[in-house]
Amino acid sequence: QQNVQQSPESLIVPEGARTSLNCTFSDSASQYFWWYRQHSGKAPKALMSIFSNGEKEEGRFTIHLNKASLHFSLHIRDSQPSDSALYLCAVNYAQGLTFGLGTRVSVFP
Amino acid sequence: EAAVTQSPRNKVTVTGGNVTLSCRQTNSHNYMYWYRQDTGHGLRLIHYSYGAGNLQIGDVPDGYKATRTTQEDFFLLLELASPSQTSLYFCASSVDRGQISDYTFGSGTRLLVI
Numbered sequence: 001q002q003n004v005q006q007s008p009e010s011l012i013v014p015e016g017a018r019t020s021l022n023c024t025f026s027d028s029a030s031q032y033f034w035w036y037r038q039h040s041g042k043a044p045k046a047l048m049s050i051f052s053n054g055e056k057e058e059g060r061f062t063i064h065l066n067k068a069s070l071h072f073s074l075h076i077r078d079s080q081p082s083d084s085a086l087y088l089c090a091v092n093y094a095q096g097l098t099f100g101l102g103t104r105v106s107v108f109p
Numbered sequence: 001e002a003a004v005t006q007s008p009r010n011k012v013t014v015t016g017g018n019v020t021l022s023c024r025q026t027n028s029h030n031y032m033y034w035y036r037q038d039t040g041h042g043l044r045l046i047h048y049s050y051g052a053g054n055l056q057i058g059d060v061p062d063g064y065k066a067t068r069t070t071q072e073d074f075f076l077l078l079e080l081a082s083p084s085q086t087s088l089y090f091c092a093s094s095v096d097r098g099q100i101s102d103y104t105f106g107s108g109t110r111l112l113v114i
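So the protein sequences, as listed, match chains A and B.
Heads up, the first sequence is in the working numbering, so the first residue is 1 and it goes up one at a time.
Heads up, the second sequence is in the working numbering, so the first residue is 1 and it goes up one at a time.
It is worth saying that the hints were derived from the structure and are not from the lab.
Keep in mind that a hint or two might mislead.
Said to hold, decoys possible - Simulated pairs of lysine-lysine, DSSO-like, Cα-Cα distance not exceeding 27 Å:
(1) LYS65/B to LYS42/A
(2) LYS67/A to LYS42/A
(3) LYS56/A to LYS67/A
(4) LYS65/B to LYS45/A
(5) LYS65/B to LYS11/B
(6) LYS56/A to LYS45/A
(7) LYS11/B to LYS56/A
(8) LYS45/A to LYS11/B
Unchecked claim - Stretch-level coverage of chain B by chain A, calculated; a stretch enters the list once three of its residues show a Cβ under 8 Å from a Cβ in chain A:
(9) 88-100
(10) 108-114
Quick caveat: nothing in here was measured; it's all calculated off a predicted structure.
Ideal placement from N, C-alpha and C gives every residue a C-beta, glycine not left out.
Kindly generate the complete structure, drawing on both the sequences and the hints.
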């Protein structure tokens, strides 16, 4: 079974700052890597994904993947109060996606 | 828009009670999943299915049964509910197993077993 760890557990950042979230995984054969966002009381929703080593940018969000280091990250540029949420990383395995415990991000004005 | 609808939104039952959680998707997705979400444990997979009549065991299946009656409908059954099953339950659907396509989650069912 895939083991997925996230850090930090929580983060408080001022509006306009850069937010960086980390995720490590245990299975070097994994091929698909996702970030989901869950606002309080709501369903998780996919933010973006990456399938190959390197970097992928979509608007204010950037994913970095380093398979050799078993690590990927999410960076949020110009963080907004609306970015306050639980961020879940996910990695595919035989049964589908396994999720990390999440990083709770709070962006204050 | 692709949708996953769960019912009920909230449920209270007594220990030993019988509970059925329902999930319907209008996405024409092959895969459907039941997760539970708990503080300190995150989202954990209970059961999943890749089509009507199919059932696969997830990572935390003990105490749960599930049934996929149609392409659209997936049910989670707790036949002898215990307080340890108090949780927030999410249903999700996807085209594949989290490879190219993302999961679409329902809004969740909050279950309290007293």
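Outcome of the hint check:
1. LYS65/B to LYS42/A: holds (25 Å)
2. LYS67/A to LYS42/A: violated (31 Å)
3. LYS56/A to LYS67/A: The given pair, whose Cα atoms are some 14 Å apart, holds under the 27 Å limit.
4. LYS65/B to LYS45/A: Between LYS65/B and LYS45/A the Cα gap is close to 26 Å, so the pair holds against 27 Å.
5. LYS65/B to LYS11/B: Given that 27 Å is the threshold and the Cα spacing comes to 17 Å, the pair holds.
6. LYS56/A to LYS45/A: Holds, at roughly 18 Å.
7. LYS11/B to LYS56/A: With a Cα-Cα distance of about 41 Å, the restraint between LYS11/B and LYS56/A is violated, given a limit of 27 Å.
8. LYS45/A to LYS11/B: holds (23 Å)
9. 88-100: holds (count 6)
10. 108-114: Violated - the segment 108-114 of chain B has 1 residues with a Cβ nearer than 8 Å to chain A, which falls short of three.
Checked against the numbered hints above, the structure violates hints 2, 7 and 10; every other hint is satisfied.
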